[in-house]
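With chain H fixed as given, assemble chain F onto it according to the hints.
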Amino acid sequence: MDSPEPRKLDVPCTRQDTAALRNGDRILLSGRIVTGRDMVHRRLAAGAWEDRDGLLRDSFIYHCGPVVVPDGDGFRVVSAGPTTSMRDEPYQAAVIERYGLRGVIGKGGMGDATSGALVRASGVYLSATGGAGAALAASVVEVVDVHFLCEFGVPEAMWVLLVKDFPAIVTMDSTGRSVHRSVLEESRMAAARLSRRD
Amino acid sequence: MRYAVPEIDQIVELVRLASCELPSDVLAALRRSRGDAVGSAASTIEDILSNCAIAAGRSVPMCQDTGLPSFFVSGPGLDYVDRIALVDRCRQAVAVGVKSGLLRPNAVDVVSGVNTGDGTGFGIPQIHFDDPPAGSPAAPLRIDLLLKGGGSENVGRQYSLPEDLAGTGRDMDGVRACVIDAVVRAQGFGCAPGILGVCVGGDRSSGAVCAKRQLLRRLDGDRGPFHDFEDSLLDAINSLGIGPMGLGGSPTALGVAVAVMARHPACFFVSISYGCWATRRRAMVAGPDGSCVYE
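Here the protein sequences come in this chain order: H and F. Counted the way this note's numbering counts, the first sequence spans residues 1 to 198. Counted the way this note's numbering counts, the second sequence spans residues 199 to 493.
I should point out that these hints are in silico values taken from the structure, not numbers from a laboratory. Heads up, a few of these hints could be off.
Residues from chain F shown here face chain H by an in silico Cβ test under 10 angstroms; the list is partial [as the list claims (entries may be wrong)]: (1) 218; (2) 246; (3) 306; (4) 308; (5) 313; (6) 315; (7) 326; (8) 353; (9) 356; (10) 385; (11) 387; (12) 437; (13) 441.
Stretch by stretch, here's where chain H covers chain F in the computed footprint (C-beta under 8 angstroms, at least three residues) [stated by the list, open to error]: (14) 394 to 403; (15) 410 to 421; (16) 467 to 479.
Stretch by stretch, here's where chain F covers chain H in the computed footprint (C-beta under 8 angstroms, at least three residues) [said to hold, decoys possible]: (17) 60 to 66; (18) 77 to 89; (19) 97 to 103; (20) 189 to 195.
Backbone N, C-alpha and C fix where the C-beta goes; we use that ideal spot for every residue, glycine too.
For reference, chain H alone in the conformation it holds in the complex (with noise of 0.2 angstroms):
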């Protein structure tokens, strides 16, 4: 699962765009995105708030908790790698939905409910290196907005983010595919043959 080149994705985006995408495809993000982790999550799959500025809409929600400093009369990005995902499944699919995402960026992969909605929305999943906060900050242009800031503290707020060049790894397409889950089943084949040697 390794592409020569990256590929450029700028967002808002169609349909078409993210349905052309296939595992292992290595992607550059541009455009308008916003941060939410579990709280964010959970307000927004209640569909306890409305998105009248369409951030969501055609564009990626990125699973991540920056490390961010105030920056004159804004913030500044110091350190923005992603979160484990999986702590969205429960919401994930519902949030896809109502807002109309293209897809969402984090890491570890989700599981079954998510890859539905993916399929429906032609969307995909996207990794990012874990840990690598530092550098994936660098890729942060400008902290455009913050929501949730007082109620859900620095980690957890809703961080309205333009990003140049971010980059990612497709890891579940539109087709329903996921690296995620071929990992596990091989991985567990391996650690049971691990055991049937001894």
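Coordinates of chain F only, in the frame set by chain H:
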């Protein structure tokens, strides 16, 4: 021997080093692993290494999850330092670290869900004092700091042998099966390639702390009595094909560090602490005159 309590800015420097500069032995292990990595595993390892260079160069946190700070304090014996004052300074150093963007505020009230905002709360940071047994050779005041993210903490496990796993008798084969099971369950969630801290024995609480403490051991340091067991376990883990960030391939782990404690006759715990590739540990060794050296 009684030591001066380190100054807040000396502890803040320990926090900065831990958050921004990966220990040289972990970096070396990541660089060595490039030989085995192909495809997405290779590009992930390259991403990790270039991230470490950016973080060290700009003095910014290598990972946005700066974890739950755990200080491990040791010294020459009881009353080697004013513990109440040291606890206070560690807490203040964490708050300064949050304010200066070296740490993320990672203390949340469980019931209200409100983030305390300054990185401290009841039980955060953790500060462990270890008193050496009577008759130990003279040791300086040493403070080890471990910054370990929530994702890796979540995939740690504790087993009580015998478990319902193949090969889980109350022996080292059982221990091996537990560690492999934990790594398979962890997949990429703990930011592989990880380091496995393992404690066999103890009780549920002492075993968990001892397992986490093994993450302070250098990968290139003195090898303990379980050296062969650790090496064979590492080979087994790296044959699983989980790979960096769980995207397949190799390496799945960089190291395994095993320790034992005595156990109750009825108990046989295997405690596993999963350290992500960004196992951020640093130490300061203080002199009696208030100076300090960082490791």
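Looking at the structure, which of the earlier hints fail to hold?
4, 7, 9, 14, 15 and 19
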